[in-house]
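Could you slot chain B onto chain A? The hints should help.
Listed below, chain by chain, are the residues.
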Amino acid sequence: MVAQTTINLTVNGHAIQARPGQTVLEAAADAGIAIPALCHHPHLKPEGACRLCLVEIEKQRTLQPACTFPAAEGMVVQTESEKAVASRKLALQLLFSERSHYCMHCPQSGTADSTDCELQKLGYRYGINSWSYPPDYAKPWPLDASRKHFVMDHARCILCRRCVRACNTIAANHTLGVHQRGSRTLICADDNVRFGDSTCVSCGTCLQVCPTGALTDRRSAYRGHDCDVTRTKAVCLGCAVGCGIEAVTRDNQLLRVEGDWTAGNEGLLCATGRFEVVEPKPQRVLWPMVKQDGRLVETSWDKALTLVAERFRESHRVAGLATPRLPNESLAAFACFFNEVLMSNEVALLYGEDPPVELGMSASLRDITMADFIAVISGDPLRQQKVVGHLIKRALDNEARLFVVNDRATELDRYAQVRLPLQDVSQHGESPFERLRHAYHLRGTGISQLKAAVETAQRPVILYGSGLTTTVYSALRALPDKVRFLPLISGTNAAGAARLGLRPRPVHGAALYLMLGDDTTDGLPVTPRQFTVVQSAYRSPATETADVVLPDLIWAEQKGHIINIEGRTLPVTPLLQAPKSVHACWDTLLQLSMRMGSSLSYDQIHDISMAV
Amino acid sequence: MATQVTVASDWLAGCAGCHMSFLDIDERLVELIGHVTLTSMPITDLKHPAEGGVDVGILEGAVNNSATERVARLMRQRSRILIALGDCAVFGGIPTMRNCANKEACLKRAYIESESTVDGRIPDDPELAVMQEARPINQVVDVDIYLPGCPPPADAIFYVLSELLAGRKPKLAGKNLDWH
Chain A
0 MVAQTTINLT VNGHAIQARP GQTVLEAAAD AGIAIPALCH HPHLKPEGAC RLCLVEIEKQ
60 RTLQPACTFP AAEGMVVQTE SEKAVASRKL ALQLLFSERS HYCMHCPQSG TADSTDCELQ
120 KLGYRYGINS WSYPPDYAKP WPLDASRKHF VMDHARCILC RRCVRACNTI AANHTLGVHQ
180 RGSRTLICAD DNVRFGDSTC VSCGTCLQVC PTGALTDRRS AYRGHDCDVT RTKAVCLGCA
240 VGCGIEAVTR DNQLLRVEGD WTAGNEGLLC ATGRFEVVEP KPQRVLWPMV KQDGRLVETS
300 WDKALTLVAE RFRESHRVAG LATPRLPNES LAAFACFFNE VLMSNEVALL YGEDPPVELG
360 MSASLRDITM ADFIAVISGD PLRQQKVVGH LIKRALDNEA RLFVVNDRAT ELDRYAQVRL
420 PLQDVSQHGE SPFERLRHAY HLRGTGISQL KAAVETAQRP VILYGSGLTT TVYSALRALP
480 DKVRFLPLIS GTNAAGAARL GLRPRPVHGA ALYLMLGDDT TDGLPVTPRQ FTVVQSAYRS
540 PATETADVVL PDLIWAEQKG HIINIEGRTL PVTPLLQAPK SVHACWDTLL QLSMRMGSSL
600 SYDQIHDISM AV
Chain B
0 MATQVTVASD WLAGCAGCHM SFLDIDERLV ELIGHVTLTS MPITDLKHPA EGGVDVGILE
60 GAVNNSATER VARLMRQRSR ILIALGDCAV FGGIPTMRNC ANKEACLKRA YIESESTVDG
120 RIPDDPELAV MQEARPINQV VDVDIYLPGC PPPADAIFYV LSELLAGRKP KLAGKNLDWH
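First to last, the sequence lines map onto chains A and B. Everything in the first sequence is counted per numbering that gives the first Met the number 0, starting at 0 for the first residue and increasing by one. Everything in the second sequence is counted per numbering that gives the first Met the number 0, starting at 0 for the first residue and increasing by one.
Worth flagging that the hints you see were computed from the coordinates, not collected in a lab. The model shown is predicted, which means the values in this text are computed figures rather than measured ones. Backbone N, C-alpha and C fix where the C-beta goes; we use that ideal spot for every residue, glycine too. Treat the hints loosely; a few may be bogus.
Stated by the list, open to error - Below, in silico cross-link-like pairs of lysine-lysine (DSS-like), each with a Cα-Cα straight-line distance of 27 angstroms or less:
#1 A/Lys120 / A/Lys82
#2 A/Lys120 / B/Lys168
#3 A/Lys302 / A/Lys120
#4 A/Lys120 / B/Lys170
#5 A/Lys88 / A/Lys290
#6 A/Lys88 / A/Lys44
#7 A/Lys120 / A/Lys44
#8 A/Lys579 / A/Lys232
#9 B/Lys107 / A/Lys88
#10 A/Lys302 / A/Lys290
#11 A/Lys82 / A/Lys58
#12 B/Lys174 / A/Lys88
#13 A/Lys232 / A/Lys481
#14 A/Lys558 / A/Lys579
#15 A/Lys120 / A/Lys232
#16 A/Lys58 / A/Lys88
#17 A/Lys88 / A/Lys280
#18 A/Lys82 / B/Lys168
#19 B/Lys168 / A/Lys88
#20 A/Lys450 / A/Lys481
#21 A/Lys44 / A/Lys232
#22 A/Lys120 / B/Lys46
#23 A/Lys138 / A/Lys120
#24 A/Lys88 / A/Lys120
#25 B/Lys170 / A/Lys138
#26 A/Lys290 / A/Lys280
#27 A/Lys232 / A/Lys290
#28 A/Lys232 / A/Lys147
#29 B/Lys174 / A/Lys138
#30 B/Lys107 / A/Lys82
As the list claims (entries may be wrong) - Derived CB-CB ranges, DEER-like:
#31 B/Gln3 / A/Thr67: 43 to 51 angstroms
#32 A/Asp189 / B/Leu28: 41 to 49 angstroms
#33 A/Lys558 / B/Ala104: 54 to 62 angstroms
#34 B/Ile80 / A/Ser182: 29 to 37 angstroms
#35 B/Arg69 / A/Lys44: 50 to 58 angstroms
#36 A/Glu57 / B/Gln3: 53 to 61 angstroms
#37 A/Thr198 / B/Arg120: 22 to 30 angstroms
#38 A/Tyr132 / B/Arg167: 25 to 33 angstroms
#39 B/Arg69 / A/Thr184: 37 to 45 angstroms
Pulled out of the complex, with its shape left as it was, chain A reads as follows (with noise of 0.2 angstroms):
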């Protein structure tokens, strides 16, 4: 029997083409025939809850479900027939009369063009009008509003169950299911807790595939429908993985983060990319302060620099200190302003760990969700990469082999199936250059009980930390050539700033320049007397201590590039256009270089962070 590599069908009068394999809801889909439904979503499998999907199929005793029904030759479906429609009017009706489903105060609702409930829209396309089964008004459906970011509303719940396939499979973290049956089943989180007690890591992705209003984002809700907002695809800066988004504004407001779905996180996130970035931050700089009489003073920027300049011009040595939060453009600003205007080695990072070791191919995202054998050496992706680790447990679903390598406990720990030790070897270091810092270390037998695993697996993927000994990096980099490796870094655009030079180590001047971006840190790493210039879009103890602050971008107000842990340049997109007041860090780099009687240009720093 010859496979087929197209199936012909005929869909509502007209011939389409399906791939084998496909339902019909896809098939009629890719044709441009949408067929409505509630349960479906592109990144989830089928679940056939809904029932508003269901269609005419020639030859079938009744109605079928498009989404579940695989595409066949010759099939004849009819998707608004009589029967069809009737069918889908009467489920919407079910549905309205199970819950207390009161529109007009649920954030998602509006008319037929601005509505962002999918039910409602269905409603309205259908022409419901009133509710043909009265609903049981006197019972309360549960609210559950004990997560910080989002409400879950039993009332607007239609039982898609997408919450708990996105839960399942997209975040695989497996908080979400089903409590109850009949008309009394409920989403639970594990054994029936309120959700701010439960397993739920506040990953949102359950939100962004909800078709009602029954999960609710809480500080998007009620400023604007999706016809209301602008979207930009972009970049996530919490951390190295740099997580595809897509911001949500409006006048020049930065409603809510959503995960991109055709980037290599696939629409996932987690809480700090997704809502971290809209809670409420500290006090904005808009212009510059100096200090006077112990207090800081606004002043312009022209004196602010001149001031800045004739400091460090007197100071013998001045040090920078700069986020790795940072694109690389300005990362390149900073080590040009130093090396060039400066004269000054004594540039870093602010905080950090060494840049990772080249070690191999690199894998991709997509690679872990793959593996089908993966060891993590030296690090904690569930609590420092967190979609990463997403992606590790996906791959664990898929029955992937688990080597956890650690000095100290993980969050990983107890999906691994073999724990092996690594011996904090700082004091006694392969050379004296490691003796100097921590460095870690992995037995022989350990690395031969690797090497098996490698053996044996077909998509291997070892993800590995900083500071392990010469002779595990060797082991590693000796491993078979399928082996994909991804370093766990911490530090957004650490992996840019190694390429510039810069690293985490202390730095000693008689000045310094501290250059924050919109990170927050406690305190300065300075002694009390050092000239000190905080470059920072928020105030914070690091700003009150200064003796000059300078404002900067927020990371939704910057342009350039980062480099992520898959080794890729990636651009970051300005979201919100900056307050007037305030300059990109590379621009102010370029007035104090003038200041100084440099020439330093922006071709000049351009060039630099091409080169990267």
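Then chain B, alone, in the frame of chain A:
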């Protein structure tokens, strides 16, 4: 004068917003009363539908006690065609939000526990209406036409009345169908 179509309206447990939306048909009201006689409305001098009955009765608000139930039944009895106007009349709406709390708790909260009340007392005069479950009017009377919205757009109200005048059953769709 040609035989005018007679229209009466009343409100139950509602906020009067739907009647305000009715007034929002603005100048078209002048055209309307060329064909229609507005006999009794809560916003005109006469409040109750005439004994002889009217062609079109309009009800806003949900049924939530014995008084509003009586008004609903009276309007149904005296109208040939009954229109449920607004989300409260059609779906039950905001008044139904108190259904999940028991009646005693509601009365106690309103008359005794509310912050500005001093020495509160739940009224128990026998002439007062008896509290019931709040529900849409179609749980009490037969409804001929549903006009949802909170409030229904003025254009939708004008459309429904125009269609009825033309002898057609109105079909709400597009901008005229707006529940929230």
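Is the Cα-Cα distance between lysine 174 of chain B and lysine 138 of chain A 27 angstroms or less? 32 angstroms, violated
Taking 27 angstroms as the top limit, are the C-alpha atoms of lysine 58 of chain A and lysine 88 of chain A close enough? Holds, because 23 angstroms separates the two Cα atoms, which is no more than 27 angstroms.
Hey, lysine 82 of chain A versus lysine 168 of chain B, does the alpha-carbon distance stay inside 27 angstroms? Holds, at about 23 angstroms.
What's the verdict on lysine 120 of chain A and lysine 44 of chain A, does the C-alpha distance respect the 27 angstroms limit or exceed it? 23 angstroms, holds
Quickly compare the C-alpha distance for lysine 88 of chain A and lysine 120 of chain A to 27 angstroms and report which way the hint goes. Holds - the C-alpha atoms of lysine 120 of chain A and lysine 88 of chain A are around 13 angstroms apart, at most 27 angstroms.
Tell me if the beta carbons of glutamate 57 of chain A and glutamine 3 of chain B are separated by a distance inside 53 to 61 angstroms. This hint holds: roughly 54 angstroms between Cβ atoms.
Falls inside 41 to 49 angstroms, the C-beta gap from aspartate 189 of chain A to leucine 28 of chain B? 59 angstroms, violated
For the hint 29 to 37 angstroms, verify it against the beta carbon of isoleucine 80 of chain B and that of serine 182 of chain A. 35 angstroms, holds
Are the Cα atoms of lysine 302 of chain A and lysine 120 of chain A separated by 27 angstroms or less? Roughly 58 angstroms between the alpha carbons, so the hint for lysine 302 of chain A and lysine 120 of chain A is violated.
Holds or violated: lysine 82 of chain A with lysine 58 of chain A, Cα cutoff 27 angstroms? 15 angstroms, holds
Starting from the range 43 to 51 angstroms, see whether the pair glutamine 3 of chain B and threonine 67 of chain A falls in it by beta-carbon distance. 57 angstroms, violated
Agreement of lysine 232 of chain A and lysine 481 of chain A with the hint, judged by alpha carbon distance not exceeding 27 angstroms: 33 angstroms, violated
Going down the numbered hints, you'll see the structure goes against 3, 5, 9, 13, 17, 22, 25, 27, 29, 30, 31, 32, 37, while the others check out.
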